[in-house]
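Chemist: Listed here are the chains, written in short residue letters.
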Amino acid sequence: MSNHFKHHKYHVKHHINDHFKNHIKFLYTLMMTNFRLSLALKGTFYFTIIITILKQVLFLTAWRFFFLKYQVVQGWNFNSMLLGYGSVCFSMGVVEAFFYGLKDLPRMIENGQLDTFLLQPKNVVLNVAMSKGDMASFGEIVTGIAVITYSGYLEQSPLMVITILILGTIFIFSLLLYLSCIAFFMKDSFDFIRELNLNAIIVASQPNVAYRGLLKMLTFTILPVAFISFFPIEYLRTGLWKYLLFSALGTAAFFAVANALFNLGLKRYESGNIIAFRH
Amino acid sequence: MHNKYWATVEISIRQQLAQKGQLLGRLILYFVIVYLFSQVFQSVSAGNNRIWYLAITEWLTLSTPPIAYRIAEDIRSGQVVYFMLRPLHYLWLRFCECMGISLVRFIILGFCCLGFGYYLTGAFPSSSTTLTIGLVLGILSVILYSLLSILIGVFSFWLKEIQPLIYLNLTATFCFGGLIVPLGFYSDTLRTISFATPYPWMLWWPAEYMTGTAPNLMLAFLVFAGWTAVILGLIIILYQKCLENFVSEGG
Numbered sequence: 009m010s011n012h013f014k015h016h017k018y019h020v021k022h023h024i025n026d027h028f029k030n031h032i033k034f035l036y037t038l039m040m041t042n043f044r045l046s047l048a049l050k051g052t053f054y055f056t057i058i059i060t061i062l063k064q065v066l067f068l069t070a071w072r073f074f075f076l077k078y079q080v081v082q083g084w085n086f087n088s089m090l091l092g093y094g095s096v097c098f099s100m101g102v103v104e105a106f107f108y109g110l111k112d113l114p115r116m117i118e119n120g121q122l123d124t125f126l127l128q129p130k131n132v133v134l135n136v137a138m139s140k141g142d143m144a145s146f147g148e149i150v151t152g153i154a155v156i157t158y159s160g161y162l163e164q165s166p167l168m169v170i171t172i173l174i175l176g177t178i179f180i181f182s183l184l185l186y187l188s189c190i191a192f193f194m195k196d197s198f199d200f201i202r203e204l205n206l207n208a209i210i211v212a213s214q215p216n217v218a219y220r221g222l223l224k225m226l227t228f229t230i231l232p233v234a235f236i237s238f239f240p241i242e243y244l245r246t247g248l249w250k251y252l253l254f255s256a257l258g259t260a261a262f263f264a265v266a267n268a269l270f271n272l273g274l275k276r277y278e279s280g281n282i283i284a285f286r287h
Numbered sequence: 003m004h005n006k007y008w009a010t011v012e013i014s015i016r017q018q019l020a021q022k023g024q025l026l027g028r029l030i031l032y033f034v035i036v037y038l039f040s041q042v043f044q045s046v047s048a049g050n051n052r053i054w055y056l057a058i059t060e061w062l063t064l065s066t067p068p069i070a071y072r073i074a075e076d077i078r079s080g081q082v083v084y085f086m087l088r089p090l091h092y093l094w095l096r097f098c099e100c101m102g103i104s105l106v107r108f109i110i111l112g113f114c115c116l117g118f119g120y121y122l123t124g125a126f127p128s129s130s131t132t133l134t135i136g137l138v139l140g141i142l143s144v145i146l147y148s149l150l151s152i153l154i155g156v157f158s159f160w161l162k163e164i165q166p167l168i169y170l171n172l173t174a175t176f177c178f179g180g181l182i183v184p185l186g187f188y189s190d191t192l193r194t195i196s197f198a199t200p201y202p203w204m205l206w207w208p209a210e211y212m213t214g215t216a217p218n219l220m221l222a223f224l225v226f227a228g229w230t231a232v233i234l235g236l237i238i239i240l241y242q243k244c245l246e247n248f249v250s251e252g253g
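Residue numbers (the numbering used here), protein chains in the order written: chain A, 9 to 287; chain B, 3 to 253.
Bound-form chain B, shown alone (with noise of 0.2 Å):
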């Protein structure tokens, strides 16, 4: 099927494929702070275990693009009015064009994550079948991770400026989600928390398995499609309700 999503996606994968010192500027990044904090691991003793978690919340973290400062900027310069007038949806298009972004950034930064993880402890975390479910994982993680950036976006319609949001979310990505430390570390009350949030599911769930230490794939399939249908679910009324005040500022 080719139809104009599948057309955006395609572009957007060419367009990110031909920045190629981005790309490579988040390789970098993704070196930099893994090396770094499998550091802070390895001063304290942790196991490799540790390590690979790390190296696969930061895969997942840095293969979902902010896509909330697009939105937020076609909002803030009017630009949104343009994209109405197509045939359309506007906030199909930014998904698809992330999901492009995201397909190249996790191919590569999958690479560089078994190829670095390999290097700084020596072994595959787990089976190659529990890898390439843990894949599956990943991927259900990201379209989660873009689907709450898109959330994001959408309240630049009553914000000014989402900034704060954006960093509350990434903020909560390294609490909730357990981006650096494992939510086993936690006390009972906080963990309660964090599950009753997306963000563990996005990131502790995917690297937990993939790492062999996390049971239950049903469960994880379960709450994945609940979020997704509520994070969804609010886009699309968010977005609705503002079509329905929307007054173009110009652009």
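Chain A with its partners taken away, still in its complex shape (with noise of 0.2 Å):
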């Protein structure tokens, strides 16, 4: 009885193994598919990588004039701002380089084309979010890299600014899919979800700290910005450990509800009975 317990154990280990590398076999696979894709068009590659570094000095120029004139805003300065920019620069431009799927996720959603990922033994989730990938956002990658060096604050404290880039680039890949949900819900929402992407991040990009009231109250809640921005630019900035772990914590929790939205969401889709191929 013992003997054919453990040798029942040992397989289902081995069965689960086996699973895990076919499954991060998958993903690589799918992610070098991706990487080629888009270097297939070298000229819109690299153009996208140009514009993408001029929209972020652009965007940075007008917040240094901003700062020139005022100073600070609630004891946030300007390398403060650029801590949170570039943070979200970066996470931003992982989770489009690597899990693009997600920006589509709302179209499939609405055609009834999630079929294909539906009917596949993987991670629907990861699988859906990997199916697309720009390679291009490599610019966000390094223009958030360029401006956290420039901050200061990478020099300062490395290890926690890259806790910080690894939590940020989680609580994106939340806030796409959680967003990308409300597709299950409302219909012809293809064009509101993508402002509301876009007007999340550039909530999540300024300031933060002068928010008050309700509004602190969704930054902290129904849209919770705070957790990529706010908790750790005040860690940065005191020292206090609380605020790490408030980041931790919270961009875990939005993580697991994204997830758990996406669920409840498979629940009311509807099948297109499209005949659709992965590209």
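These are computed hints drawn from the structure, not numbers from a lab. Because the structure is a prediction, the values reported are computed rather than measured. Possibly wrong hints are sitting among the right ones.
Stated by the list, open to error - When the alpha-carbon atoms are kept at most 25 Å apart in a straight line, the in silico DSS-like pairs for lysine-lysine are as follows:
1. A:Lys-111 x B:Lys-243
2. A:Lys-224 x A:Lys-130
3. A:Lys-33 x A:Lys-130
4. B:Lys-243 x B:Lys-162
5. A:Lys-111 x B:Lys-162
6. A:Lys-195 x B:Lys-22
7. A:Lys-111 x A:Lys-275
8. A:Lys-195 x A:Lys-275
9. A:Lys-50 x B:Lys-243
10. A:Lys-130 x A:Lys-250
11. A:Lys-224 x A:Lys-250
12. A:Lys-195 x A:Lys-250
13. A:Lys-50 x A:Lys-111
14. A:Lys-130 x A:Lys-111
15. A:Lys-50 x B:Lys-162
Two chains, two frames, a set of hints: combine them into the complex.
Modeler: As structure tokens, then:
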């Protein structure tokens, strides 16, 4: 009996290992395919990178003049803002580079094109997310790192900055998934979600230490961008560990909520009965 | 006059009104953004004019739909071919559609702007005459912004992905147009560069005028007209060029 149990346990463990290895191999293949696809149009690839960097420079230039006039916003100076912006920029870059499929998710839901993913014995969220990648988003990653370096925080506490960037990436992944789930509950919402995405990023990358009252609550709850900007920056600014803890716990909770919302939405999903192939 | 283009405007107005969820979402978005940024300005003790400025620029920006995506989608999918077979000009059709959507958003967001601005500051920014003239500048601004969006859409004949251009447009609107940070804060060089682009005339000028700080109305109209002619000209030239080279990808 005991031997049989051990054998069964060994078999299950072996099966899980194989399953995990297959999954990793599958995701790696998807990533490489996306990479090759992005590089197939070299002109567009480099053009996008240049535009991305230019866009960030313009954005920060405007804020530079704001801080030149007002110096400090509730204790945050221009460098604090750079850290927050750089973190959002880097995280967005990573998610767009490897998990761009999340941005297409609302359209897939609207058109009933999720069937292809639901039928595969793979994690649906990861499968959808990695179905597309935009390697030109490396521009955002590079700009994010450059901006954080310029802020001086990377030199000051490199390990903590790396931790914050990892948390930020998980947060942006969750944010895109969370907002995309609106498509399960609201018809014809693709444009709305796209704008909501953009505006969530704007709200996250501004000096949100100034937010107060009901809207501060909003950035802690319904649109919890405080976990990617307010808490990490406050941690690096003040050195108080509680801020990092809030950021980590909040990001983990948000990730769980986004996944739960996706699963809830799947129950409402209606197949489009479309015969579709993956690109 | 009730022609096919006017019918397009009518249809898109009805469609926009029918999409109540989307409209509501946009209103929420407007309130959230204006409220958040007004708090940033209040935290540095900026005056009421800055809050009104913000409310107006956001109103104008959010009134314009991103029509470039629609055009890019038509081109990418090959749908544009079917429109070419119809007795209407494809870009005019999209422009009219854009105007219909903008009209609904412009009116609704305009009321929100007045109401919310008053709620946040406790006063109107200027006299009713100035606001009425500002309204005309606002309409011109939406038209110019829509044309710019169409121009970006036309670029998708050559570019596989226009997303970077749209983002660049948004950032240029933010930086050169003074979406949040007014141009008055900039250095002379950056202000000169900004004024050489169409963006300040679409946002900074109408907002400054409505908050009672921008003089010289004639100059604004002239520059509006100039930029409209330039962008319209570019759209026509590029569209003609792409029609000549167009190879259908199916659809």
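Chemist: If a hint holds in the structure, say so; if it doesn't, say that too.
Modeler: Here is what the structure says about each hint:
{"no.": "1", "hint": "A:Lys-111 x B:Lys-243", "result": "violated, 32 Å"}
{"no.": "2", "hint": "A:Lys-224 x A:Lys-130", "result": "violated, 38 Å"}
{"no.": "3", "hint": "A:Lys-33 x A:Lys-130", "result": "holds, 12 Å"}
{"no.": "4", "hint": "B:Lys-243 x B:Lys-162", "result": "holds, 17 Å"}
{"no.": "5", "hint": "A:Lys-111 x B:Lys-162", "result": "holds, 17 Å"}
{"no.": "6", "hint": "A:Lys-195 x B:Lys-22", "result": "holds, 10 Å"}
{"no.": "7", "hint": "A:Lys-111 x A:Lys-275", "result": "holds, 20 Å"}
{"no.": "8", "hint": "A:Lys-195 x A:Lys-275", "result": "holds, 15 Å"}
{"no.": "9", "hint": "A:Lys-50 x B:Lys-243", "result": "holds, 23 Å"}
{"no.": "10", "hint": "A:Lys-130 x A:Lys-250", "result": "violated, 37 Å"}
{"no.": "11", "hint": "A:Lys-224 x A:Lys-250", "result": "holds, 18 Å"}
{"no.": "12", "hint": "A:Lys-195 x A:Lys-250", "result": "violated, 41 Å"}
{"no.": "13", "hint": "A:Lys-50 x A:Lys-111", "result": "holds, 22 Å"}
{"no.": "14", "hint": "A:Lys-130 x A:Lys-111", "result": "holds, 19 Å"}
{"no.": "15", "hint": "A:Lys-50 x B:Lys-162", "result": "holds, 11 Å"}
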